[in-house]
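S.K.: Assemble the whole structure, with the sequences as input and the hints as a guide.
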Amino acid sequence: MTVLGIETSCDETAASICSDGKILSSIISSQIIHSSFGGVVPEIASREHERMLNSIVSNSLSDANLKLGDLDAIAVTNGPGLAGALLTGVSFAKGLALGLNIPLIPINHLEAHIFVNFLADPTLEYPFLCLLVSGGHTQLWLINDMEIYELLGETRDDAAGEAFDKGSRILGLGYPGGPQIEKTAQYGNPNAIVFPRGLMDPDSLEFSFSGLKTSLLYFMDDFQETPDCRLPDVAASYQQAIIESLSEKLARAVEKNGVKTCVVAGGVAANSRLRLVLKNRIKNVRILFPDLEYCTDNAAMVSFLGELKFKNSEKSNLLFSVLPNLKLN
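Going by numbering that gives the first Met the number 0, the sequence shown opens with residue 0, and the numbers climb by one from there.
None of these hints come from the bench; they were simulated from the model.
Just the calculated beta-carbon pair ranges, DEER-fashion:
| # | residue 1 | residue 2 | range |
| --- | --- | --- | --- |
| 1 | E254 | E146 | 25 to 35 angstroms |
| 2 | L67 | E149 | 33 to 43 angstroms |
| 3 | L67 | P201 | 53 to 63 angstroms |
| 4 | E292 | L67 | 20 to 30 angstroms |
| 5 | F218 | E292 | 33 to 43 angstroms |
| 6 | L67 | F218 | 53 to 63 angstroms |
| 7 | N143 | E254 | 14 to 24 angstroms |
Keep in mind it's a predicted model, so treat the numbers as computed, not measured. All residues carry an ideal CB built from backbone N, CA and C; glycine is no exception.
M.R.: Shown next as structure tokens:
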């Protein structure tokens with residue numbers, strides 16, 4: 000079975016071909032135009048998707064040495080995300096599916112991030128824990144089977160990725176914040192400054208990053224570089240506070256649920272410091288990370304999950320709408 004996946008939930012325009020569980024192509028166009036605004040501008044994102052989609056899909060087919068007539072189905076992200084951006088991708092996918100007379104299935108963006116870990120390790124078995132960390136979500140899930148998920152904890156305010164973006168802006172490092180802070184932090188001391196960690200009660204699996212962000216803001220109001228405390232030290236300490244919150248809660252969830260495997264999903268999963276800390280913190284349990292190219296938004300995860308759902312007899316439906324606030328369960 001050969002499935003075209005389309006992803007336009009935020010500021011990446013992406014298309015991918017998956018055939019029999021293998022990714023034949025994965026094309027991503029990142030909208031660097033947003034960097035000058037310090038964040039994603041929804042209207043601009045929608046326009047860029049509309050401008051790029053046709054060529055991205057064509058390039059994806061070309062890279063896979065396929066034509067439109069070789070497709071058996073299409074999968075497209077319909078939420079969560081920016082309404083206009085989602086609508087651009089869904090409208091394109093519906094028109095294409097209708098014209099080719101092939102099935103179309105909507106894909107939950109969060110679910111796709113989780114299931115891309117099966118590309119990293121096809122032997123992954125249920126149940127497993129998932130730490131889902133991105134710009135819009137920070138959640139702990141117990142994945143019992145496909146579409147059987149239990150939410151164990153989530154952020155009460157900012158997501159981890161959002162904390163990186165806002166922190167980067169405060170530090171004057173630019174957008175996107177995660178990569179900028181990680182790059183700067185590699186030259187700093189993560190123990191130079193003790194920033195607060197939110198909701199660290201022994202039994203809590205909830206997250207909070209708003210207090211950390213405020214603490215950084217106040218710290219930078221009076222900050223002047225000295226030999227003992229430089230900007231890289233601040234970035235490293237701020238990053239460490241985020242990562243320690245994530246690693247501590249995942250370790251607690253492992254202890255409470257007794258699973259044998261943990262996976263990490265979402266854009267923040269690309270952070271090398273997070274990977275190192277989690278591998279050192281989570282003991283006697285296998286921990287999986289997606290390949291770096293599949294951490295941030297991509298269509299490979301959409302085409303892959305689309306094929307899984309078709310093979311699990313999920314029915315095609317052209318009447319679905321975009322759901323900007325779509326939940327996982």
